[in-house]
Amino acid sequence: MSASLLEDELLFLAHSVALEQEAAERLYELADAMQVHNNKPLHDLFLELAGFSERHANEVQVHCQGKALPPLQVWEYSWPDEESPEVVHYSRIHYLMTPEQALQVALEVEQNALNFYQDVAQRTHNTALQQLAEGFAREEAEHVQAVQRRLQFLQKTGMNNTDFDPPHMPA
Amino acid sequence: MILKAKQYKSGVKPIWCPGCGHYSVLNAITKAFAALQQAPEQAVLVSGIGCSSRLPAYVHSYGFHGVHGRALPVAAGLKVARPELNVMALGGDGDGFSIGGNHFLHACRRNVDIVYVVMDNEVYGMTKGQASPTTPENWDHSKLTPHGPEVRPFQPCALALAAGASFIARGHSGDPNGLAQILYEAVQHPGFAFVQVLSQCVTFCPEQAQWKEIVHTEDVCTSDPVAAASFLHGDDGFAKGIFYRNPRPVWPLAHERKEADLREGFRL
Chain A
1 MSASLLEDEL
11 LFLAHSVALE
21 QEAAERLYEL
31 ADAMQVHNNK
41 PLHDLFLELA
51 GFSERHANEV
61 QVHCQGKALP
71 PLQVWEYSWP
81 DEESPEVVHY
91 SRIHYLMTPE
101 QALQVALEVE
111 QNALNFYQDV
121 AQRTHNTALQ
131 QLAEGFAREE
141 AEHVQAVQRR
151 LQFLQKTGMN
161 NTDFDPPHMP
171 A
Chain B
1 MILKAKQYKS
11 GVKPIWCPGC
21 GHYSVLNAIT
31 KAFAALQQAP
41 EQAVLVSGIG
51 CSSRLPAYVH
61 SYGFHGVHGR
71 ALPVAAGLKV
81 ARPELNVMAL
91 GGDGDGFSIG
101 GNHFLHACRR
111 NVDIVYVVMD
121 NEVYGMTKGQ
131 ASPTTPENWD
141 HSKLTPHGPE
151 VRPFQPCALA
161 LAAGASFIAR
171 GHSGDPNGLA
181 QILYEAVQHP
191 GFAFVQVLSQ
201 CVTFCPEQAQ
211 WKEIVHTEDV
221 CTSDPVAAAS
231 FLHGDDGFAK
241 GIFYRNPRPV
251 WPLAHERKEA
261 DLREGFRL
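Taken in order, these protein sequences are the chains called A and B. Residues in the first sequence are numbered from 1 upward in steps of one, following our numbering. Residues in the second sequence are numbered from 1 upward in steps of one, following our numbering.
Incorrect hints may appear among the rest.
[What the hints assert, rightly or not] Below, a list of computed lysine-lysine pairs in the DSS-like style, where the Cα atoms sit at most 27 Å apart:
| id | chain 1 | residue 1 | chain 2 | residue 2 |
| --- | --- | --- | --- | --- |
| 1 | B | K143 | A | K40 |
| 2 | B | K143 | B | K6 |
| 3 | B | K13 | B | K212 |
| 4 | B | K13 | B | K143 |
| 5 | B | K212 | B | K128 |
| 6 | A | K40 | B | K9 |
| 7 | A | K40 | B | K13 |
| 8 | B | K212 | A | K156 |
| 9 | A | K67 | B | K13 |
| 10 | B | K128 | B | K143 |
| 11 | B | K4 | A | K67 |
Hints were generated in silico from the structure; no laboratory data involved.
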């Protein structure tokens, strides 16, 4: 994470907008992929999670109104990893994944976003930015809890990770 | 109006397996186009056959889903006939290095001003997982090669250098933003720009999910072919970045362009 991200409120907001928008776009993309492969439960779940992320992206946008955010190319963002923290990596997705596995991945990326905002809040010397990051962290914490509740409900209903039709390949 | 990356996507939903690395390449291309503010009507994506060659259908630009292994001659012909267009050829490792292997060598040599993106998953995915030219020699996951191909895999970047490519890079599907930057540079390079992309096949090579842990960035870009050859000779195949950039005259040369008036040649 760059030093300027930790002190520049506009740069932080630009990162926050990208974080939420990219998360929503990736989830919509995954929903489409699951729909194409006739996996309706996963399509519905990713669509729901995408809607969730999109609403949060809109909430972040509210904080940006009237502010000129710096125009950044996608490779100029300063993320802890190669992609923004709330984006589901393609390597975690499989066409036979179950809703429980999908929720586990969703939980991980929500936790990543929470860690990102908490990290900024703890390390910045800019009071306004700290308050902003703490507010976003609180919202992400709510998302983490929401996904956890959903996951617990799914586990109570007896669904599991069994792969009923593994790829026809040697182990 | 400023175009965003998602506006470069067509309305067609990809049919790749969920988790396929090619989604990432699609996103990198649209992000690079957004960074360039590429006019959709001035871009043409030309592909061969295979999973990755479906990509032109998913981009809001002109596209040509061509013949197996023949993306490069089609793309080169288009660029020569319509030099004002931004032409990108796309395909997989089987399409580009086996069926189209000879075209690859001569495209590097000829240095037509196009970008060639090879989505390399080291396997023929569309036909259910056979060994390709870049499959590791001990990969024994196919019943057709139970002991592995038992031959050395192609080294695409080293081959491109030896054949005369003037821009050589490698990206990884696990890093679409870094790949977008490479493509941004490749599109602006005058001449043949070769970009190998390590793009995982989740279905037939699930072990490639580990690539994310072993791919490493190398800041070694040089215009010296000897230095590039030295680096590529010791390359473990998982370095990413722009390795070589050395602009040289683009084919067709100016005097040949003048003579090659296609309308004149085809007048009945």
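Checked hints:
| no. | hint | result |
| --- | --- | --- |
| 1 | B:K143 x A:K40 | violated (32 Å) |
| 2 | B:K143 x B:K6 | violated (40 Å) |
| 3 | B:K13 x B:K212 | holds (26 Å) |
| 4 | B:K13 x B:K143 | violated (32 Å) |
| 5 | B:K212 x B:K128 | holds (24 Å) |
| 6 | A:K40 x B:K9 | holds (23 Å) |
| 7 | A:K40 x B:K13 | holds (15 Å) |
| 8 | B:K212 x A:K156 | violated (34 Å) |
| 9 | A:K67 x B:K13 | violated (35 Å) |
| 10 | B:K128 x B:K143 | holds (11 Å) |
| 11 | B:K4 x A:K67 | holds (19 Å) |
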